[in-house]
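These protein sequences, in sequence, are chains A and B.
Just so it is clear: in the first sequence, position 287 is 287 by this note's numbering, and no numbers are missing.
Add 456 to a position in the second sequence, counting from 1, and you land on the number used in this note's numbering.
No lab work stands behind these hints, which were simulated from the structure alone.
Don't take each hint at face value.
[Said to hold, decoys possible] Using 30 Å as the maximum straight-line C-alpha spacing, the simulated BS3-like pairs for lysine-lysine come out as follows: (1) B:Lys540 / A:Lys173; (2) B:Lys522 / B:Lys489; (3) B:Lys489 / A:Lys182; (4) B:Lys489 / B:Lys521; (5) B:Lys521 / A:Lys180; (6) B:Lys540 / A:Lys182; (7) A:Lys50 / B:Lys489; (8) B:Lys540 / A:Lys45; (9) B:Lys521 / A:Lys188; (10) B:Lys488 / A:Lys50; (11) B:Lys522 / A:Lys182; (12) B:Lys488 / A:Lys173; (13) B:Lys580 / A:Lys50; (14) A:Lys45 / B:Lys580; (15) B:Lys540 / B:Lys521; (16) A:Lys50 / B:Lys604.
[What the hints assert, rightly or not] Taking CB as the label site, the calculated pair distances span: (17) B:Lys521 / A:Gly269: 24 to 32 Å; (18) B:Ser581 / A:Gly121: 30 to 38 Å; (19) B:Lys521 / A:Gly121: 37 to 45 Å; (20) A:Asp123 / B:Asp494: 36 to 44 Å; (21) A:Arg211 / B:Glu463: 40 to 48 Å; (22) A:Glu349 / B:Asp494: 27 to 35 Å; (23) A:Glu26 / B:Lys521: 54 to 62 Å; (24) A:Val222 / B:Pro607: 34 to 42 Å; (25) B:Asp494 / A:Asn279: 50 to 58 Å.
Just so it is clear, the structure is predicted and the values come from calculations on it, not from any experiment.
Idealized CB from N, CA, C, for every residue including glycine.
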Amino acid sequence: MSKVVEVSPTTRHEGHTKLVLKVNDEGIIERGDWLSITPVRGIEKLAIGKSMHQAPKISSRVCGICPVAHTLAGIEAMEGSIGCEIPDDAYLLRVILQCANRLHSHALHNILTLPDMYLPGTDTHINPFSAEEPVRSVALRIQRLREIGQTVGEIAGGEPIHPSNPRIGGMYKNISPRAKAKIYDLAKEGAVLAREQMDFMITVLKDWENRPTASVASGYEVEKNEKFGFHDQGYMAVDPLYASTNLDADPKWYPERWTEVRPWDWYMGEQEITLDDPNYPNHATTPAGAKAWPQMEACTAVPMYDGAPIEVGPRARLAIFRNYDKKGAMGLQIARQMEYPDCLYSMMEAVDALDTSGSVVADEIPQGDGSLGWAANEAPRGTDVHLAKVKDGRVQWYSLLVPTTWNFPVCSRALEGAPWQLAEVIVRAYDPCVSCATHMMVVDEEKKVVAQKLVQ
Amino acid sequence: MSDWYAENMIVGCGNPLQTDDGFGPAVIAELKKISLPDNVKVMDAGLAGPHYLFTLMAQSDMPVKKLVIIDIMDFGGQPGEITKATPDLLSPGAYTDPHSWGLKEPLQVLSERTEIVILGCQPKSIDISQIGNESDDADFWVTESVRKAIPKAVQLALAEVGVDYGTTITSQRDLHGESAGL
């Protein structure tokens, strides 16, 4: 008979989520619900009526991990609505910023991943903060990659965390020849480190995959099975590196293929917790006898593409554009590492092509007639879609479909078949960034809004 | 030319979408209007100070000599009052973020190699901003009492890093209880 266990809060990712899991007598997940419990922030409502120049700045503050992706997607959605093409050199600066952001994000995620992994050939979990070798060298390499990403991001983006240089119509400022040389030098240094880091991480991840048993960072060992973190959903990505918008000659994202359903229609109903485990790390299992009600507690709508949940992120990009076919949680993790070198090589190509004396602002910035514009940015965690309608320079409508919102239902399906004690390892493979995913809007078959869960 | 670190860093933390939590970024926006020496860098860390900055600084090859953090702080004062604190005032476990990695006490770890001063402003509200449209260029929506504290925070932060900004304020005395804008 199935039992229900709840892991709350889940750890080592951004935001607040929990897992509600139905498991069989062997502890294998029969049905898993992974849901955001971060309060809705109502960003889309805050932006309505604002100047189109303000809206991307607002969306930049959605969360503290993905401000670059939200800034660029927000700006390009506005540009898509008003029909504003930007100069080539502005585009190149944005590409450099994108590369820097992905480099930093992937390196940061390594720190979150490593505690679940083992030093190859040993049964010792990796403590990325250990002063002992060989881990110390790895940690310093990760930190240097993050520094390089942030420094390049600051040069191209104006601010390292919440970039101030991108603007509607292009960029406020081009960079100097000296700054261009510095980016190139940093990218060359980073390319060597990134390849080393990729090789190390793939070795560690494959070692984990080949083990008969495993545990989360400070937990107890449980038996694994072969298909860990598998699902049968499809993939969505618009570009190997950067983005697509409605202004493209050949757009790669189609708003008419997107629908959303209510969490009420997708998540499990009220459940009584019937299994807990005081030995689970961080004492994170909810005591038996408590109630869980995923369909009422989930803070996100469930986005669908062609009527089904769809995976976004590194594996989706590699699967669509490079025929990558490794499934499972480790397949996703390995795909993320494989994107390391491209962050640096693409950065070098873009900075090499950049004309530092070129104009970076469009000659004319239209004010918009209320047309729908969208931008799908390939953020580190996956496709970050922003949609906007701008009229007379003011935002009439704004919506964000962020990567983790897409991945919640896919990852939930990927939990099935895994030992419940390792469910967090699957969740972490998606590098969830939850705060910006607390978007909640329900539309009917004709795309009319029928319900919204506003600021709580 | 941008370098990730400087000998002295002034960092504003907080989220402008949550009313007075935007105090730190608002002070940084003012500081960026001022020409500063090469050994001083100001940064809007927004929502990401611990993740993006403090852990990196703690392991940098280029140690930061002094870090001035500007943030809101609930110390029981009047809205807009500014107090000065150091990381040792934060009790063990004060930084609770179960969703991060081992960021148990990021500032305490960093304080072993960097002098850290926190300029904390008492907020009036940290609710989601009911942002109006009164100004197209407004990026920060702090309450009136906290807005008045911005110039003073600018002066205090500059004094901490040894920049003479033409004021008579000293940052050495206990600031607790001083009102904003006076």
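Take the C-alpha atoms of B:Lys489 and B:Lys521, compute the straight-line distance between them, and say whether it is at most 30 Å.
-> Holds - the C-alpha atoms of B:Lys521 and B:Lys489 are around 23 Å apart, at most 30 Å.
Given the hinted pair B:Lys488 and A:Lys50, is their alpha-carbon gap at most 30 Å?
-> Distance of about 24 Å is within 30 Å: holds.
So does A:Val222 sit 34 to 42 Å from B:Pro607, Cβ to Cβ?
-> With Cβ atoms ~59 Å apart, the hint is violated.
Could you check the hint for me, namely that B:Lys521 and A:Gly121 are 37 to 45 Å apart, CB to CB?
-> For B:Lys521 and A:Gly121 the Cβ distance comes to about 42 Å; the hint holds.
Pair hint outcome, B:Lys522 versus B:Lys489 [Cα-Cα no greater than 30 Å] | Holds. B:Lys522 to B:Lys489 sits at ~21 Å (cutoff 30 Å).
Range agreement (Cβ of B:Lys521 with Cβ of A:Glu26, hint 54 to 62 Å) | holds, 57 Å
CB of A:Asp123 to CB of B:Asp494, is that within 36 to 44 Å?
-> violated, 50 Å
Is the straight-line distance between the alpha-carbon of B:Lys488 and that of A:Lys173 30 Å or less?
-> holds, 16 Å
Indicate whether the distance between the beta carbons of A:Glu349 and B:Asp494 respects the range 27 to 35 Å.
-> Check passed, 31 Å falls within 27 to 35 Å.
Does the Cβ distance between B:Asp494 and A:Asn279 fall inside 50 to 58 Å?
-> With Cβ atoms ~54 Å apart, the hint holds.
B:Lys540 and A:Lys45: Cα distance at most 30 Å?
-> violated, 36 Å
Given the hint that A:Lys50 pairs with B:Lys604, test it: the Cα-Cα distance must not exceed 30 Å.
-> Holds. A:Lys50 to B:Lys604 sits at ~24 Å (cutoff 30 Å).
In this structure, the earlier hints numbered 1, 6, 8, 17, 18, 20, 24 are contradicted, and the remaining ones agree with it.
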